[in-house]
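S.K.: Using the sequences and the hints, build the whole thing.
Residue numbers (my numbering), protein chains in the order written: chain A, 1 to 359; chain B, 1 to 306.
Source of the hints: derived by calculation from the structure; they are not laboratory data. Don't take every hint at face value.
Residues from chain B that face chain A, not an exhaustive set, calculated with beta carbons under 7 Å [as the list claims (entries may be wrong)]:
1) C50
2) R76
3) I86
4) S88
5) R90
6) L99
7) V103
8) L106
9) K181
Using N, Cα and C, we set each Cβ at its ideal position, and we do this for glycine too.
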Amino acid sequence: MKFWEIGKRNLKEIYRNPVLLGFLLGMPLAFMLVFCAAAGGGQAGPIALSIVDEDRSQTSSAFIQTLGSIEAIELNEPIYSEKSQGQEDLEDGRISLYLFIPSGFEEAAQARQTINLELAYKEADPMIGLQLKPIIEAVGSEFLGVVPPLNVELKGTESKIKNMAVNFYAPGIAVFGLMILISTAAGIIAGDREKGFLARMFTTPARPWDFILGYSLPFIPVLIVSTLIYLGVGMALGLTVVGNLGHAFLIFFLIGLCSIGIGMIVGSLVKSESQTGVSWIFIVPMAMISGAWFTVDRMPSAIKSVAGALPFIHAIDASRAVLNGSSFSAIILDFYWLIGWAVVLFAVGIVLFRRTMVS
Amino acid sequence: MNAVQTFKLTKKFNGLVAVNGVDLEINKGELFSLLGPNGAGKTTTIRMLCCLLKPTKGTASVLGYDVVKTPFSVKRLIGVSPQDTILSERLNCWENLALIGKVHGLSSDEVARRSKELLETMGLMERAKDQVRKFSGGMKRRLSIAMALVSDPQVLFLDEPTLGLDPQARRAIWEYIAELKGKKTILLTTHYMEEADFLSDRIGIIDEGRVVALGTSQELKTNRLEMRSMVVSTENLTAEVIADLQSKYSRLEKTKGRLKIYHKDLDFKGIVDYLHSRGVTVYSAALEQPTLEDVFIQITGKKLRD
Numbered sequence: 001m002k003f004w005e006i007g008k009r010n011l012k013e014i015y016r017n018p019v020l021l022g023f024l025l026g027m028p029l030a031f032m033l034v035f036c037a038a039a040g041g042g043q044a045g046p047i048a049l050s051i052v053d054e055d056r057s058q059t060s061s062a063f064i065q066t067l068g069s070i071e072a073i074e075l076n077e078p079i080y081s082e083k084s085q086g087q088e089d090l091e092d093g094r095i096s097l098y099l100f101i102p103s104g105f106e107e108a109a110q111a112r113q114t115i116n117l118e119l120a121y122k123e124a125d126p127m128i129g130l131q132l133k134p135i136i137e138a139v140g141s142e143f144l145g146v147v148p149p150l151n152v153e154l155k156g157t158e159s160k161i162k163n164m165a166v167n168f169y170a171p172g173i174a175v176f177g178l179m180i181l182i183s184t185a186a187g188i189i190a191g192d193r194e195k196g197f198l199a200r201m202f203t204t205p206a207r208p209w210d211f212i213l214g215y216s217l218p219f220i221p222v223l224i225v226s227t228l229i230y231l232g233v234g235m236a237l238g239l240t241v242v243g244n245l246g247h248a249f250l251i252f253f254l255i256g257l258c259s260i261g262i263g264m265i266v267g268s269l270v271k272s273e274s275q276t277g278v279s280w281i282f283i284v285p286m287a288m289i290s291g292a293w294f295t296v297d298r299m300p301s302a303i304k305s306v307a308g309a310l311p312f313i314h315a316i317d318a319s320r321a322v323l324n325g326s327s328f329s330a331i332i333l334d335f336y337w338l339i340g341w342a343v344v345l346f347a348v349g350i351v352l353f354r355r356t357m358v359s
Numbered sequence: 001m002n003a004v005q006t007f008k009l010t011k012k013f014n015g016l017v018a019v020n021g022v023d024l025e026i027n028k029g030e031l032f033s034l035l036g037p038n039g040a041g042k043t044t045t046i047r048m049l050c051c052l053l054k055p056t057k058g059t060a061s062v063l064g065y066d067v068v069k070t071p072f073s074v075k076r077l078i079g080v081s082p083q084d085t086i087l088s089e090r091l092n093c094w095e096n097l098a099l100i101g102k103v104h105g106l107s108s109d110e111v112a113r114r115s116k117e118l119l120e121t122m123g124l125m126e127r128a129k130d131q132v133r134k135f136s137g138g139m140k141r142r143l144s145i146a147m148a149l150v151s152d153p154q155v156l157f158l159d160e161p162t163l164g165l166d167p168q169a170r171r172a173i174w175e176y177i178a179e180l181k182g183k184k185t186i187l188l189t190t191h192y193m194e195e196a197d198f199l200s201d202r203i204g205i206i207d208e209g210r211v212v213a214l215g216t217s218q219e220l221k222t223n224r225l226e227m228r229s230m231v232v233s234t235e236n237l238t239a240e241v242i243a244d245l246q247s248k249y250s251r252l253e254k255t256k257g258r259l260k261i262y263h264k265d266l267d268f269k270g271i272v273d274y275l276h277s278r279g280v281t282v283y284s285a286a287l288e289q290p291t292l293e294d295v296f297i298q299i300t301g302k303k304l305r306d
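M.R.: Here it is in structure tokens:
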């Protein structure tokens with residue numbers, strides 16, 4: 001149990017260091033407060049939605065009525081009968097977005113065929129579309145009894161999600177917060193190397209595994225507490241948990257492990273504690289292209305490919321999905337991806353950390 | 001069996017030779033000092049003996065265990081106080097001692113008993129519950145030595161144990177180390193000749209990675225010191241007189257009002273008479289007791305603190 005003693009020491013070094021702890025928890029909390037508060041916190045007002053109904057059938061009218069009955073939506077009058085009218089008003093800024101119901105809607109509904117609806121919004125304000133998309137999908141599915149061609153599985157109804165923006169931001173910021181573990185883990189390892197503490201410990205009969213466990217396990221309670229805080233604060237600010245909170249927690253846990261693994265790698269490679277600032281060269285761009293703050297849908301395909309290869313976008317997408325009601329099977333690929341990354345990063349981290357023991 | 005033995009121990013860093021074929025034999029219970037200036041290879045030697053560095057050539061053994069082949073057997077037997085006072089700054093004395101003790105496999109009871117003894121011996125009991133980041137340099141150094149001792153090691157490595165301390169704190173640590181003499185095998189590195197002189201059973205003088213002299217302090221001073229030195233306090237020294245002295249004697253050091261002359265067969269009276277004859281006022285003149293510094297200067301041609 002030598003690793004336990006090393007781990008206890010490292011945990012004490014973390015929780016007795018108010019600056020480190022403040023940074024670790026404070027920064028993402030500040031982000032959470034700013035983003036979620038900017039998104040309206042828990043007091044979300046309805047979104048004004050315009051409709052273009054080219055089908056003009058009984059079914060389309062009934063669908064529009066259903067949409068109007070949703071708390072999160074306030075229907076604009078009048079209902080356009082031609083798409084060009086809605087587009088003109090959108091471009092003129094008279095409306096924020098419109099839902100286009102194409103002709104053939106009723107027929108497709110009766111034939112139980114896939115229905116394609118178009119939600120048009122201003123590019124300058126993509127969030128509003130993102131907020132409404134799952135609501136419309138949910139209402140559409142329930143109303144029509146068909147699965148629309150959108151990759152969101154529904155559980156319950158969209159009305160359970162009080163504020164889609166908060167449900168968008170909170171998981172992203174939580175993952176960003178857990179990415180800060182990269183810098184913290186790297187800082188502790190590099191600092192102990194720089195000050196010679198690791199060298200001193202290497203003169204004791206502790207084995208490599210004692211150090212590896214001793215320098216990774218203390219971050220587990222930090223990771224758990226951080227995740228609980230992010231989820232708690234997120235819920236206080238209006239995060240609606242429709243799905244399984246445990247699944248979301250598991251995703252956060254896995255991405256936290258990935259961050260600790262990267263931290264071990266950086267901490268073993270950089271020469272001094274001050275150089276752990278290099279972690280931020282990875283953290284910020286990775287957070288940017290992982291959809292923590294804004295969607296990556298409109299990014300160039302090359303960047304999307306890079307983002308897709310990294311673990312963070314999978315953690316963010318999967319945690320958003322399970323919080324919004326998706327089943328675990330719907331995120332199983334993201335889950336495997338995260339497990340794979342955690343194993344690879346820890347393996348590389350262990351190899352590099354071991355190399356620091358004897359030169 | 002020797003407690004510590006090195007066999008042509010060599011370490012190169014990027015082609016630069018830090019330790020060059022060092023052969024040492026340290027007996028059980030002996031306090032052996034490696035004396036040398038900064039960069040002489042003292043710390044590199046200790047780091048190889050503690051299994052932190054792999055020798056480029058040669059090897060070493062600690063109580064019969066090879067440092068390269070059986071590092072964990074070596075680590076079980078040694079205690080190390082590194083050159084920089086390396087502690088866990090946000091832990092208190094008890095916690096720092098417990099960390100090292102338990103990693104060495106001591107039980108909680110053993111750790112508590114050993115820690116109590118050491119904290120009392122080192123005069124740290126009053127501050128034992130304070131985080132060590134608030135400690136003075138001397139207190140940290142004492143705790144560092146206590147950490148090296150908590151596992152009751154058979155061989156103790158003390159790398160510059162009084163580096164940067166004021167004379168009072170240095171003297172206190174010398175006393176703690178002196179108490180350990182005979183009980184532990186101790187390898188101490190230092191560039192303070194007084195420290196080596198005061199504490200050591202034997203001294204190895206190391207320079208540029210080589211052990212250039214080995215013996216007790218007295219042996220080194222008697223056998224290796226071919227030159228004696230005298231100090232003269234003077235006034236009216238002229239350049240002409242100095243040049244004359246330099247031509248006659250092996251080495252001359254002149255500071256304001258003070259002249260130090262080194263030579264094999266030092267003619268004390270002749271020098272004083274010569275100075276008087278050249279009109280130099282001589283306030284005092286005395287033959288100096290030889291020091292390890294003198295030995296070092298003679299062997300290497302430079303000062304320990306150069």
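S.K.: Checking against the hints above, which ones are violated?
M.R.: Structure breaks hints 8 and 9.
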